[in-house]
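J.: Once you know that position 44 of the sequence shown is 262 in my numbering, the rest is easy, because the numbers rise by one and skip nothing.
Among the hints, erroneous ones may be present.
[As the list claims (entries may be wrong)] With a Cα cut of at most 25 angstroms, we get these calculated SDA-like pairs of lysine to any residue:
id, residue 1, residue 2
1, 294, 387
2, 294, 334
3, 294, 232
4, 294, 233
5, 294, 368
6, 294, 312
7, 435, 449
8, 429, 448
9, 435, 387
10, 294, 307
Hints are computed from structural coordinates only; laboratory data are not their basis.
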Amino acid sequence: MNTAETVFAAAQRLQHSGTPYALVSVIRALPPASARPGDKAVVTADGQLHGWVGGGCAQPVVIRTVRQVLAEGRAKLIRITPASDGSERELGDVLEFGMSCHSGGTLELFIDPVLPRAQLVVIGTSPVAQSLVQLAPRVGFAVTLVAHEADTAAYPDAQRVIANDDIAAVMPQVASGAWVVVATQGRRDLQALRLALALQARQVSFVASAKKAQVLKESLVTAGADAAAVAAIVAPAGYPMAANTPEEIALSVLAAVVSHRRGAPVPATAVPAAVAALPQTAAAVASCCGGPVVELPLLPLAKPSCCAD
């Protein structure tokens with residue numbers, strides 16, 4: 219197997235296993251240097267390197283930069299050039315490393331992160347769950363649908379359907395670090411929440427009213443679930459917006475998941491400035507979720523997404 223075949227075979231293995239990696243390509247080499255333009259390597263955050271992009275001086279710098287690129291999710295152009303002081307500086311869009319290498323050559327490398335698709339686990343077969351399975355792949359999520367006796371053929375947009383909500387059966391099939399949304403809406407709610415807590419998720423969201431969520435959270439704690447983990451369940455789920463239909467509620471839930479994924483907080487209330495400036499025909503009234511819903515002139519009082527039971 220030649221070097222190119224080695225690189226792409228390694229990339230395929232890592233992609234299949236869901237392991238993040240970076241494709242590193244030599245785009246310029248000034249002699250004396252052991253790498254040539256066009257040389258490539260696949261590099262992981264833990265230092266696995268498949269291919270060739272230079273010798274002993276280049277590799278530590280490459281691995282260090284790969285870790286940074288994978289953490290930030292942005293490609294980077296670096297230059298490794300002779301210097302006595304081991305300097306590191308930004309030169310426009312190039313990050314330059316000064317290295318006291320014996321070879322004395324210069325390398326420029328492009329480091330491109332290849333990240334697995336974010337994982338969204340949807341538990342339930344409610345209309346909201348079905349809409350989530352349809353919408354989430356459009357914004358980059360690989361979706362696993364989990365539900366007792368689910369019809370696998372009914373979810374063509376899901377990457378995988380697990381027709382079982384037993385914890386022991388599901389856990390080996392779902393990697394940790396996924397976003398989990400429980401959208402059972404009255405069918406096996408507690409079992410679904412127990413499963414969600416067991417999956418070591420980045421975040422667990424529950425599509426339900428605040429009142430219902432509180433009752434079920436208390437039941438979980440009474441049954442021995444970790445109180446801190448239960449308290450961390452986001453319920454009511456969703457970005458605060460007026461949503462009535464299952465599709466609108468799913469959009470709200472997905473918007474909140476995307477905000478969490480990108481590190482942006484979801485506001486407790488979200489009233490656009492243009493709307494807030496309109497005269498109100500009635501005072502704010504308490505929604506089923508415990509938050510304010512404002513009735514505006516000529517507009518019906520919309521049922522917020524969090525009220526979906």
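J.: Of the numbered hints stated previously, which ones are contradicted by the structure, given in increasing order?
T.: 1 and 5
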